[in-house]
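Colleague: If you want the building blocks of each chain, they are given just below.
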Amino acid sequence: MNPASCGTPAANPWLAFPVQITGITDETPGVSTYELQLTDAEVARNYRFQPGQFNMLYLPGVGEAAISLSGQSESGDRLRHTVRLAGNVTHSLAGLGVGGRFGLRGPFGTPWPMEECRGRDVVAVAGGLGLAPLRPAIDAILNAPDEYGQLTILYGARTPEHLLFEQVYPDWRQNGAVVNVTVDRSLPGWQGHVGVVPLLVDRMQLPDPENTVFLICGPDVMMKYTVSSALNRGVPAERIWINMERNMNCAVGLCGHCQYGPEFICKDGPVLRYDRVQPMLRVEDL
Amino acid sequence: MDRQERFLETDRLQTLIDVLTDAGYQVVGPTIEQEAIIYDEITSVDDLPRGWTETQEPGQYRLQQRDDEAYFGYTVGPHSWKQFLFPPVATVATAERTDSGWEMRTPDEPPPQYAFLGVRACEIAAIEVQDRTFLHGPYVDPIYRDRRDRALIIAVNCTQAASTCFCTSMNTGPRCRSGFDLALTETADGFVVEAGSDAGGRILEQLPTREPEATDLTAAETARQQAVDQITRRMDTTDIRNLLLDNLQHPRWDEVATRCLSCTNCTMVCPTCFCSSVKEVSDLKGDEITRERQWDSCFNFDFSYMNGGVVRNDIRSRYRQWLTHKLASWHDQFDVSGCVGCGRCISWCPVGIDLTEEVAAIRADAHQPEEQP
Numbered sequence: 001m002n003p004a005s006c007g008t009p010a011a012n013p014w015l016a017f018p019v020q021i022t023g024i025t026d027e028t029p030g031v032s033t034y035e036l037q038l039t040d041a042e043v044a045r046n047y048r049f050q051p052g053q054f055n056m057l058y059l060p061g062v063g064e065a066a067i068s069l070s071g072q073s074e075s076g077d078r079l080r081h082t083v084r085l086a087g088n089v090t091h092s093l094a095g096l097g098v099g100g101r102f103g104l105r106g107p108f109g110t111p112w113p114m115e116e117c118r119g120r121d122v123v124a125v126a127g128g129l130g131l132a133p134l135r136p137a138i139d140a141i142l143n144a145p146d147e148y149g150q151l152t153i154l155y156g157a158r159t160p161e162h163l164l165f166e167q168v169y170p171d172w173r174q175n176g177a178v179v180n181v182t183v184d185r186s187l188p189g190w191q192g193h194v195g196v197v198p199l200l201v202d203r204m205q206l207p208d209p210e211n212t213v214f215l216i217c218g219p220d221v222m223m224k225y226t227v228s229s230a231l232n233r234g235v236p237a238e239r240i241w242i243n244m245e246r247n248m249n250c251a252v253g254l255c256g257h258c259q260y261g262p263e264f265i266c267k268d269g270p271v272l273r274y275d276r277v278q279p280m281l282r283v284e285d286l
Numbered sequence: 287m288d289r290q291e292r293f294l295e296t297d298r299l300q301t302l303i304d305v306l307t308d309a310g311y312q313v314v315g316p317t318i319e320q321e322a323i324i325y326d327e328i329t330s331v332d333d334l335p336r337g338w339t340e341t342q343e344p345g346q347y348r349l350q351q352r353d354d355e356a357y358f359g360y361t362v363g364p365h366s367w368k369q370f371l372f373p374p375v376a377t378v379a380t381a382e383r384t385d386s387g388w389e390m391r392t393p394d395e396p397p398p399q400y401a402f403l404g405v406r407a408c409e410i411a412a413i414e415v416q417d418r419t420f421l422h423g424p425y426v427d428p429i430y431r432d433r434r435d436r437a438l439i440i441a442v443n444c445t446q447a448a449s450t451c452f453c454t455s456m457n458t459g460p461r462c463r464s465g466f467d468l469a470l471t472e473t474a475d476g477f478v479v480e481a482g483s484d485a486g487g488r489i490l491e492q493l494p495t496r497e498p499e500a501t502d503l504t505a506a507e508t509a510r511q512q513a514v515d516q517i518t519r520r521m522d523t524t525d526i527r528n529l530l531l532d533n534l535q536h537p538r539w540d541e542v543a544t545r546c547l548s549c550t551n552c553t554m555v556c557p558t559c560f561c562s563s564v565k566e567v568s569d570l571k572g573d574e575i576t577r578e579r580q581w582d583s584c585f586n587f588d589f590s591y592m593n594g595g596v597v598r599n600d601i602r603s604r605y606r607q608w609l610t611h612k613l614a615s616w617h618d619q620f621d622v623s624g625c626v627g628c629g630r631c632i633s634w635c636p637v638g639i640d641l642t643e644e645v646a647a648i649r650a651d652a653h654q655p656e657e658q659p
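If you read the protein sequences in the order shown, they are chains A and B.
Numbering-wise (my numbering), the first sequence opens with residue 1 and increments by one.
Numbering-wise (my numbering), the second sequence opens with residue 287 and increments by one.
Just so you know, the hints here were simulated from the structure itself, not pulled from any lab data.
It is possible that part of the hints are untrue.
[What the hints assert, rightly or not] Selected chain B positions facing chain A (Cβ under 10 Å, derived; list incomplete):
| no. | residue |
| --- | --- |
| 1 | Thr-392 |
| 2 | Glu-395 |
| 3 | Pro-397 |
| 4 | Tyr-430 |
| 5 | Ala-485 |
| 6 | Gly-487 |
| 7 | Arg-488 |
| 8 | Glu-541 |
| 9 | Arg-545 |
| 10 | Leu-547 |
| 11 | Cys-549 |
| 12 | Val-567 |
| 13 | Arg-598 |
For every residue, glycine included, the Cβ atom is placed at its ideal position computed from N, Cα and C.
All chains, please: the whole structure from these sequences, using the hints.
Modeller: In structure tokens form, the structure reads like this:
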């Protein structure tokens, strides 16, 4: 068994690899991005992930949390996770600081459909921390602009100070992306939109809806209304992809926690094509 | 594969246990404990529930003395073989604090080599259902795999049925057709034995069997037919997946929620339920950590907890999750029903909820699927 292939089906899926925190960036209130180095050189060399996938971050004695990858360092050997303080694991992680060591299993889950995006206009729609799992997809598109059509990023946060990765929006715009931002609640000095994200979909330029791919990540209710808006604009259900969140314990489809109808969100998702989950999104408490 | 039948006299049954033990197997079989026939390690035929049977009804299980000396004259109790292949508590990984961080490992001690004695047809079906969950991926559970690979299955054909049995509706029994190493049918004089694998054949060769008489074979057939004839419970499985998934808002879910206690008994006794949670077990200093997997249940309140809240907040949604998973979405996930018709969840439900009745109630008043635009 090759220990470096933790995220591949052949390996023991319970084996965690040691990581060390090499950098911490404070993003918004309660949200920080951790840069992690896999400390085993062979594991680090073999580690590959695709945009949209996640790792289980393992704090020994505390537990695990499923966190999407929000990117990697320029050199490619350091992984980034953007984490909101939520439970025991994320609070313990916040207590570690640069140099802190813990464990990681992954990568797990389905990626964003980058092949499907090729040659098409792409609309990335995010709510709150949902921008983090989309960031590797955004980076991939902006790094290869010739391979994709127009990228539009629609993003909503609670207030202007909750806007994630705000410092890179100018770069995204400069690289050709349309970036539209809205907030639920304004603060003094805010000149932008106020309102929910789906309204940005209602108002956006959408020259070729049938050939536009939607990548959506945010709270369930935000995704539900964003999908409605996209469908209303003529985007086919099979071009809409959502990134769902459920309680994940094993990450490999064995523990049952993350089931959503027939889907195991950990292995059939988290990225799911909308027409696959459409009937279930209408049912409460599923 | 030799499917030839042999006959083992009743008083030679101990040789089977001895041969298995000599071959290195830990023999697990039926035995009486706490007023139920359960599965545990056995070393002698004296451990078996000879002369005992049970009666079962919704919410009820009672041992009863038989008027004969049958060894396997009972049906299924609260245990299943699940607890040996997918242990209720198992270490999946460990972490040890070192000078430079954490040493993380997965356990590598050899698993036990079990011989299961007395596996019923519905239980073979249940093991094959769990094979799909734990072995057929994309990820394989190493704990289940290591135990399953080494296990020997000595099946016993049912010669009677409980009132809660409905294997004929689920096409899983009562006759053991495949998936065993050896299969026994008990008659008044002994056991008709057939090998279902090479490993079973090698065990069979070592037993003091004889050629079965025509009367032995007839007696075995009569005994097996008796089980078929005694099965009265039915579940209509016609298009059951769509029936349930098209009726997620059926009023019956509210009604069953007024009776269900969300106690998790049905999921604990179910031979196919596989939900679990991994917990951190630490020494006092926090330097030696064991990651312990324990059975969990979709009926537990915090099972669907996700940062900030619980998805399935009431008993209605939790019962609906269990039943629709078991009978409907299991087909999507594993291409098979999650129910084998063993009836355990009916007997061990403290309030006697009967899933066959719940399905019938939904079917009787089913909502037709909406036309999708």
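Colleague: Next, verify each hint and record whether it holds.
Modeller: Quick rundown of the hints versus the structure:
1. Because the smallest distance between the Cβ of Thr-392(B) and any Cβ of chain A comes to about 5 Å, under 10 Å, the interface hint for this residue holds.
2. Checking Glu-395(B) against chain A: minimum C-beta separation of about 14 Å lies over 10 Å; hint violated.
3. Because the closest C-beta pair between Pro-397(B) and chain A is about 14 Å apart, greater than 10 Å, the hint is violated.
4. For Tyr-430(B), the interface hint holds, the least distance from its beta-carbon to any beta-carbon of chain A being 9 Å, beneath 10 Å.
5. A hinted interface residue such as Ala-485(B) counts as satisfied when its beta carbon comes closer than 10 Å to some beta carbon of chain A; here the least separation is about 26 Å, so the hint is violated.
6. About 32 Å separates the beta-carbon of Gly-487(B) from the nearest beta-carbon of chain A, more than 10 Å, and the hint is not met.
7. At a threshold of 10 Å, the smallest CB-CB gap from Arg-488(B) to chain A is about 30 Å, leaving the interface hint violated.
8. Against a cut-off of 10 Å between C-beta atoms, the interface hint on Glu-541(B) is violated, since the closest Cβ of chain A lies about 17 Å away.
9. With a cut of 10 Å, the hint placing Arg-545(B) at the interface with chain A is violated, because the nearest CB-to-CB distance is about 19 Å.
10. Because the beta carbon of Leu-547(B) sits about 18 Å from the nearest beta carbon in chain A, more than 10 Å, this interface hint is broken.
11. Taking 10 Å as the C-beta contact cut-off toward chain A, the hint placing Cys-549(B) at the interface is violated, the least distance being around 18 Å.
12. The beta carbon of Val-567(B) comes within 9 Å of a beta carbon in chain A, closer than 10 Å, and the hint placing it at the interface holds.
13. Among the interface hints, the one on Arg-598(B) holds; its C-beta lies about 5 Å from the nearest C-beta in chain A, closer than the 10 Å criterion.
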